[in-house]
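> Each chain is listed here by its residues.
2 protein chains.
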Amino acid sequence: MFEFAVQAQSGRARTASFTTPHGTVQTPMFMPVGTQGTVKGLSPQELSEIGSQIVLANTYHLMLRPGPELVAAHGGLPGFTAYPGPFLTDSGGFQVMSLGHMRRITEQGVTFKSHLDGSSVQLTPERSMEVQEALGADIIMAFDECPPFPAERDYIQASLERTVRWLDRCQAARTREDQALFAIVQGGIHPDLRQQSIDATLPYATPGFAIGGLAVGESKEQMFPAVAFTAERLPANKPRYLMGVGHPEDLVAGIALGVDLFDCVYPTRTGRFGYALTDDGRLNMNSSAPRSQLEPIDATCDCYACRHYTRAYLAHLLRAEEMLAPRMLSLHNLRYLHRLVERAREAVVQGRYGDWAREWGERYFKKALPLWFEEVLTVSAALGITSTTA
Amino acid sequence: MFEFAVQAQSGRARTASFTTPHGTVQTPMFMPVGTQGTVKGLSPQELSEIGSQIVLANTYHLMLRPGPELVAAHGGLPGFTAYPGPFLTDSGGFQVMSLGHMRRITEQGVTFKSHLDGSSVQLTPERSMEVQEALGADIIMAFDECPPFPAERDYIQASLERTVRWLDRCQAARTREDQALFAIVQGGIHPDLRQQSIDATLPYATPGFAIGGLAVGESKEQMFPAVAFTAERLPANKPRYLMGVGHPEDLVAGIALGVDLFDCVYPTRTGRFGYALTDDGRLNMNSSAPRSQLEPIDATCDCYACRHYTRAYLAHLLRAEEMLAPRMLSLHNLRYLHRLVERAREAVVQGRYGDWAREWGERYFKKALPLWFEEVLTVSAALGITSTTA
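Here the protein sequences line up with chains A and B, keeping their order. Each residue of the first sequence is one higher than the last, beginning at 1 in the UniProt record's numbering. Each residue of the second sequence is one higher than the last, beginning at 1 in the UniProt record's numbering.
Worth flagging that the hints you see were computed from the coordinates, not collected in a lab. The structure displayed is predicted, hence computed values, not measured ones. Heads up, the beta-carbon is just placed ideally off N, CA and C, and yes, glycines get one too. Where hints are given, some of them may not hold.
From the derived model, a few chain B residues whose C-beta atoms are all more than 12 Å from chain A [said to hold, decoys possible]:
| hint | residue |
| --- | --- |
| 1 | GLY37 |
| 2 | PRO66 |
| 3 | GLN108 |
| 4 | GLU126 |
| 5 | TYR155 |
| 6 | GLN157 |
| 7 | ARG162 |
| 8 | ARG169 |
| 9 | PRO225 |
| 10 | PRO235 |
| 11 | ARG358 |
For each label pair, taking beta carbons as the anchor points, the in silico distance ranges come out as [to be verified]:
| hint | chain 1 | residue 1 | chain 2 | residue 2 | range |
| --- | --- | --- | --- | --- | --- |
| 12 | A | GLU49 | B | ALA289 | 30 to 38 Å |
| 13 | A | GLU49 | B | GLU295 | 36 to 44 Å |
| 14 | B | GLU69 | A | ASP178 | 55 to 63 Å |
Now the stretches of chain A that chain B is said to cover, found in silico as 3 or more residues with beta-carbon under 8 Å [unchecked claim]:
| hint | stretch |
| --- | --- |
| 15 | 31-38 |
| 16 | 291-301 |
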């Protein structure tokens, strides 16, 4: 039911197909985030048109409102949201942790105050499974703790050990066969703690593994060595999901290190704030220059906004606080990331991912590749495998 | 270039085609309002899909931001907004008048303070024509004064006389042949003043006439006799446009009295506030009932929202303050009004507009037709013409 077939590899980068009950996902893939059961401002038809193949939804938000029962009454997320393809739900853990002082963690689970009405709610591995089964996503995530950055080493260690015990309880509690439960590897930016988490997690042999605990405030120089270390140690025949990432440069680097799946609110959020993603970097549509530019955001982009609108029109919509502006910039930014992974897949198939990533980076970073990006490319190439069909 | 061909009549209701440089409008038609060059939240593709045939844009707003020069640099509103069909621009007069104490009216024109930056701006018949020519709509409106309701008789009389002098200046000032200038009849709710305005306006023989000065606060019992009186006295071979109207019942009644064109922000504005238009009246999606209803807003509606979403999902989006909610409710409401005029056209062709309007009203008003609506149907039928092909 969940088949992961690697089709080509270039350095550590790879392309694969991941079969799920609601459709096949071609990796590497970026997953748009539909926090409350909607990718902000966009329709499912638009998502399909721009190449989205799987959508993420948040257990924490949907559990509190409208509640899992109502989603289940619609036959799960596809019926509720009208997005017919695969979904991935997070476990609720990350968002509960980010509530800070409003939550209390014990071995049993997490007790927190709802951000909606202040009521006390408990989330445990068992409850997370129950809610995620009601939501009905194709990929569900184990209930984990994601420590903040920075955190004490001792805390990270205790936390990752508890996360493994919670994984055990998740596996015991779940009842549906048509959902792939992914385990999450923690350990912060410490190689030995990452190794400990990997050693304890891999025996669960889940159909996919997530790299958690990153993109929480550390620098890219700190994050990518941890990604490289972890991805390398995860099974080659299962999808690797880097949670909460990211920016275009993070996708290009993550793919170089063998990551298959990404998610982040960044493209839609930065779009709502008036920024457009391009190969030349992020364009500030709130600045004065675009107001008189009669060209599209990106002449090579095939999204609705770039096919129909000038920068001047979109800049006008932004200044006029018209809803069409965040909608169109969100659409463009998601299409940009989808085109980015399409181009990455093509480069992998052609056995030139490293070269492509360097060319992309030289334009994006305006000739000055940052050291962390150079090192990622070096690490990726060090594997020495080029375009092997698995 | 602007051909108005009446195809059928039923009582005073009629259906016609109005040819413009950017396409043919089948009347009766409701025109969505794109105040700032965008029908709030919707794309041109969606407007075409739901049956919009002509879009209104506001001269006042576009003159202040982004300015007529930028729109002209895009080749006018179709290039700027990517809506390829016909546009109608208002003259700017109505919106300037509604600024109240922030404006000063003289024979020359109106001086007002911009709501954006407080700067002093002058709008005259000549300037209105200049701006509307830059915006490039197919139908442009004469610069008029729309008195508030209530207003002194003497003021209304002086104002309508000035409006005729301004019409004269508009005709003298305009230079483009590919735009149809519509004159606007004023006179409040006073038959003798309406007659005076009609007598002074008709000799200008513009390709269409608007019924102005209504829907500004008077009751429906006051408005519709004025509509009936005016529409009856306007030429049968030219389109009649009832400005700023309206609600579903206003369209059904206006069509009964021979009105061909309508515009109003109501469907999109009430949609943003969480209300959905149906044959059974306005549905409050903010109330508790829809939160658990697994049916669409309207099972007979073919809009994207009704084909894909339950009331429960849309109610969830509203509570969660998700952008997709106002977008989908705006789309549905506009589609509702477009379907309403489609059904009206069909009833006219079948020679049973009065019967259809009564059936529609009995459901919409829950059996209790208001007296003003009854009277409209009586007046409409009194003409005694049924299904004459012109």
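> Hints first: check each against the structure and report whether it holds.
Do the hints match the structure? See the list:
no., hint, in the structure
1, GLY37, "violated (7 Å)"
2, PRO66, "violated (4 Å)"
3, GLN108, "holds (29 Å)"
4, GLU126, "holds (25 Å)"
5, TYR155, "holds (34 Å)"
6, GLN157, "holds (38 Å)"
7, ARG162, "holds (32 Å)"
8, ARG169, "holds (30 Å)"
9, PRO225, "holds (38 Å)"
10, PRO235, "holds (38 Å)"
11, ARG358, "holds (37 Å)"
12, GLU49(A) <-> ALA289(B): 30 to 38 Å, "holds (34 Å)"
13, GLU49(A) <-> GLU295(B): 36 to 44 Å, "violated (27 Å)"
14, GLU69(B) <-> ASP178(A): 55 to 63 Å, "holds (59 Å)"
15, 31-38, "holds (count 3)"
16, 291-301, "holds (count 3)"
Hints 1, 2 and 13 from the list above are not met by this structure, while the remaining hints are.
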